[in-house]
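Sequence lines, in order, name chains Z and B.
With the first letter of the first sequence counted as 1, position 39 gets the number 501 in the numbering used here; the numbers rise by one all the way through.
With the first letter of the second sequence counted as 1, position 223 gets the number 498 in the numbering used here; the numbers rise by one all the way through.
Treat the hints with care, as some may be off.
Stated by the list, open to error - Below, simulated BS3-like cross-link-like pairs (lysine-lysine); rule was C-alpha separation at most 25 Å, straight line:
no. : chain 1 : residue 1 : chain 2 : residue 2
1   : Z       : 666       : Z       : 589
2   : Z       : 623       : B       : 549
3   : Z       : 721       : B       : 549
4   : Z       : 589       : B       : 317
What the hints contain is simulated information worked out from the structure, not anything from laboratory work.
In this text, all values refer to a predicted model and were calculated from it rather than measured experimentally.
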Amino acid sequence: MGRFVARRLLQMIPVFLGTTALIFFMVHLLPGDPVAAMWGDKAPDPVQLAALRHQYGFDKPLVGQYLDYMGKLLTGDFGTSPLDGRQVIDKITEALPVTIRLALFAFAIEIVLGIGIGLFAGLRRGKAFDKGALVFTLLLISIPVPVLGYIFQTIFATNLKWVTPTVQDSNDLTQLVLPALVLGSLSLAYVARLTRTSIAENIKADYVRTAVAKGLPRRKVIGTHLLRNSMIPVITFLGTDLGALMGGAIVTEGIFNVKGVGNALYHAINLKDGATVSGFVAFLVLVYLAAGLIVDLLYAVLDPRIRYA
Amino acid sequence: MPDLTEKKTAGKIPAQATVAVAAKPEKPRSLGSDAWHDLIRKPIFVISALLILLLIVIAIAPGLFTSVDPRAGDLRNHYLTKPDYTHFFGADWFGYDLQGRSIYARVIYGARASVVVGICVTVGVTILGGITGMLAGYFGGWIDTIISRITDIFFGIPLLLGALVILNAFTSRTVWSVVFALVALGWTQMTRVMRGSVITIKQSDFVTAAKALGAGTGRIMFKHILPNAVAPVIVVATIALGGYIATEATLSFLGIGLQDPTISWGIDINSAQKVIRTAPFALFFPAGMLSLTVLAFIMLGDAVRDALDPKLR
Chain Z
463 MGRFVARRLL QMIPVFLGTT ALIFFMVHLL PGDPVAAMWG DKAPDPVQLA ALRHQYGFDK
523 PLVGQYLDYM GKLLTGDFGT SPLDGRQVID KITEALPVTI RLALFAFAIE IVLGIGIGLF
583 AGLRRGKAFD KGALVFTLLL ISIPVPVLGY IFQTIFATNL KWVTPTVQDS NDLTQLVLPA
643 LVLGSLSLAY VARLTRTSIA ENIKADYVRT AVAKGLPRRK VIGTHLLRNS MIPVITFLGT
703 DLGALMGGAI VTEGIFNVKG VGNALYHAIN LKDGATVSGF VAFLVLVYLA AGLIVDLLYA
763 VLDPRIRYA
Chain B
276 MPDLTEKKTA GKIPAQATVA VAAKPEKPRS LGSDAWHDLI RKPIFVISAL LILLLIVIAI
336 APGLFTSVDP RAGDLRNHYL TKPDYTHFFG ADWFGYDLQG RSIYARVIYG ARASVVVGIC
396 VTVGVTILGG ITGMLAGYFG GWIDTIISRI TDIFFGIPLL LGALVILNAF TSRTVWSVVF
456 ALVALGWTQM TRVMRGSVIT IKQSDFVTAA KALGAGTGRI MFKHILPNAV APVIVVATIA
516 LGGYIATEAT LSFLGIGLQD PTISWGIDIN SAQKVIRTAP FALFFPAGML SLTVLAFIML
576 GDAVRDALDP KLR
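Please take these sequences and the hints and turn them into a complete structure.
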């Protein structure tokens, strides 16, 4: 177990370096100069411009900038935004709690509703509930997130007035219900479909027949035998999805005015604030990689045949 | 994760072989024609295929469906002009948008961008991912290591986020810049599928037999392995197509995808959100067409998967 984790952690290093390098070069090859942008439409003063460029290290070649950046990153310094002079790590810690709350909320909705719908549909394969679930998930997958966001906003906030149309206080969980539902809906459909396929496949397995034959109660057959064995593809999906939820909430956060990571990133990209974008993405990649590791470890918990020596 | 996909494909291939042989003992059908026979009997496949055919016709020749210029704005027909649902195919069938342009004409002309992006991105990622996956799976060793690590790197970047960064580098964006960004970020998915599929097929007896008969590397790869390994790639590609169309619309919605002279449902959804209370129809029609298009491609993908993957039946 310990060796497996160590090996996986070592494998993460080149991936982390590669991904951050890719994003760093993409961001810094963008046309536009963040320092010159400080003057707005006015022509920048050449002396001040040179001084500021030197202060932020923009006068070095790109590879040198990258090496500097990685060196600082290793000591936990995510850099400083040239636009407002703030530490990028401060921006991350400010936006992160909101996004974590939103992502975990959406994640919980996905797990409970997705696995629930998938389980019942898989158990009643070909019946009305199964067909209904297939149509429902198909609709959820087909409706793009911005459209779904406005549909929910119009129905639940504007017409029914159950919640406020946009989030006033991102710390208030009840206000996050609607954005979390929109954010989780696409993955909910995938989770439900994966669970259904997996359950329908495993229900014919020998171990289920054995469990039924030895007289176990139905709840136990489904709970400890069938569901547990069917979870591996679902867990794989959920693992990659948690990373996507953290960074991919741009649209949802925009529609519902949630001040999270997606919102901050979107503004940073529009303002060509390379330091902030690179910092946020580096952080998100770490989250993504950690989620992948946790998924691999969960395999062993779910399926005792998988052992990490 | 690679272990899982391999296990899945490993179980799939022999199952297909036995099904194809057992179904018609007198005249064995290939996997392709077997799948085709299944498909044309499926109402879901027929409906989605007809829908897609209609969409492609709309995309090629939008002039057949409306004679109204989608870019001609007449401010007298301001967005408060409600749709006249009795005017089938007329300029005011779906009402007018903020600048007095016919929403019906815009919905029709918007199909082209979505269809082009969806198909070109899918073809692009399939070719790029197919080649890299074939090389990695067939040769193994250091080629496999390099390609697999590169796919790992790309997997760490969420699609929407990466596309935002790439597209920001273009000062004026066309359909092709969006295609470029999505292909650049999406090909690794196909590489993984193809690689797993090639690795299982590579160990089959017929490959060993071909080698023993002295077939060259190119011949084994394209004549023997490719036809047998391509099914999972086709399945993933068809399902992904709908997703690419949705991503293009989302990017255009965020203002970072297509730009104004190009007509895109995503742009129209974005401009309609400001008037959602007074003119909900301005949002409803482009959004409805977009959802219908994505739905058609996903249903097609589902049907193709069922036909090519007998294990799920």
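| task | Any hints from earlier that this structure breaks? Give me their numbers in increasing order, please. | result | none
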